[in-house]
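Going down the list, the protein sequences come from chains A and B.
Numbering-wise, the first sequence is residues 157 to 265 according to this note's numbering.
Numbering-wise, the second sequence is residues 349 to 588 according to this note's numbering.
One should not assume that every hint holds.
Claimed, not checked - Which residues of chain B face chain A? A few of them, derived with a C-beta cut under 7 Å, are:
1) 412
2) 572
3) 587
If you are wondering where the hints come from, they were derived from the structure by calculation, not from laboratory data.
Even for Gly, the Cβ is constructed at its ideal location relative to N, Cα and C.
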Amino acid sequence: MHHEVVSHASEEKAHSALTTKMIWKVFWILLGITLFEVGISFTGIPHTILIWTFVALTLVKAYYIVGYFMHMKFEVVPFQWAILLPFILIVYLIFIALYEGTVLGYIPG
Amino acid sequence: MWIFLVSDAFTFSSLLIAYGAMRHRFPEIWPKPGDVFTHFPFIHAHVPLMYVGLMTFILIMSSVTMVLAVDAGHRMKRKSVLTWLGWTIVGGFVFLGSQAWEWYHFIKGSEKGAYVLADGRYARTDDLEPGVLKFHDGTVVEGAEAQALIASSVKNVKGANLTENEYGNVPLFGNFFFFITGFHGFHVFSGVVINIIVFILVYQGFLDRKKDYELVEKVGLYWHFVDLVWVFVFTFFYLV
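Chain B with its partners taken away, still in its complex shape (with noise of 0.2 Å):
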């Protein structure tokens, strides 16, 4: 399992210092995640880093649950190790249904997206203040002057997909933000159905009448890797 995870390791290493060499390639107009990761269940405000802070804490606690649930299994209580595995199993859905919600509202975008103007410049606008425009620079543009902007710019992009993306003039943001989460949240999905094959195995007795939990502590391993990825992910595309 240790040999797998140092593999791995390195396919996210590869990725995320991809994203940081196109990172320093486009300082200028790169977007900030500040910008772009606002939105928060049922609250109209800008509210930037809050749900990704929420998804990290989803995680980590079920990181927790499943450490007590390797350390039930070092006890062969059956019982223990069934319940902290079922709340990493939930644990591992809630952080699944979170990133879909998250991918939901990247692609969507705001209401009205961003103005591409003749210079190639990108003008966001904000649904929660209309008729502003907003530079990446930090230039606000607002009343007839925004107007005059609107006319004159030569494409309307909304939300995000692999072309193009609202929250600047580089597709390669878009790209890097569905292929590093993507297959991150690939791996949380693989993680969810390892465990539940063993909880079922734990379920039927299976590890009992081998006497040996090791199963338990495998695929423990995998997830707190997931996790430990996560933290990485939430680092680089979030944070900085």
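Next up, chain A with everything else stripped away, as it sits in the complex (with noise of 0.2 Å):
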């Protein structure tokens, strides 16, 4: 009993880092991103900074979204590792089913 009123103290406490006008900020972000990302699309940049462009804007997008409307950003940091860390898994599976499916483009038949 004691415990659930401690945590929901520092829930309440924890919460009230994220105010209205903060979310409606992030919207704005979000969106600006979005229009952006659309934008840049019709233009003659080469395509490869193009793709590193939009890949580095996503990561902002999904710091927004995961650090302030899921309120990660309001989080107890070993809890913040204990989700985030596990997605270095991700990042090195891109790397070899990119590297491979690449190098299956080059054998023929």
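The task is to assemble the complex, starting from two chains supplied on their own in separate frames and drawing on the hints.
Below you can see the structure in the form of structure tokens.
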């Protein structure tokens, strides 16, 4: 019982950090980035630069959604690590799968 | 909820990485998204990406209304929670409708489809420019030469299904599109259903009796996750 009260109080404190003003600010950031992405896809910027720009901007958007909307930014640090650290495996998987895919393209037949 | 979301994120990552691997496997013939998703309701022109951009806006917007619902829940404001949760459900339905529209145009394709030449190349036609053939490498053929190519073609492919599509000689492109956007769409659908259930619970005063609006926060997490996945699908399927 006592534990519940404590965790509830700390949760309340954590959420007071996210104000309505900040919610709308994050919304405008996300909308702005999306419009920018659609906009630059029509320009003649070299494809490689475009792709890396899109990847970077997507990660920025992900940061704002996870950090503010999913209030990860206001959680305790060990919890943040517990959730985010496993995604190192995804980075590794991207590397091996794209490498493998590219090499398969060179094999005739 | 977080543990489930991590596992679900791994599932979506694997699907998108598989897409990436196959795209790197067929770099020369993989369809360009800018040539595929060009429709917009009531506009008879090429407007690539605009409609998916709008869908992204709808989903981000419904994410914002969901945050506001969670925020109202922390203050135990029942009416406010109902308003914002209601708008989130509306946003979810609009997104699902948009996706159905997108699928319809993807499956239906252009009026004349693509002509498959004897050497396996796909010559796409365009509703806006009749009699003009376009190849994947950007070559454009028209007039009598185009007519001769059409006459010598071995097959005419219209729209997309699981075994072939007019967007290129890569059946995998259609498969990935149906599976990944379908899997995401099913997540959105589940989210809308769960939102409706929570809406009814809030409406009946269940959470007020419990004196705890954590349930709204939990569905909120799921809903933001669905938005997050769409951000990645949008980038890797439509932009790059």
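Exercise for review: Return the numbers of the hints above that this structure violates; sort them in rising order.
Suggested key: Structure breaks no hint.
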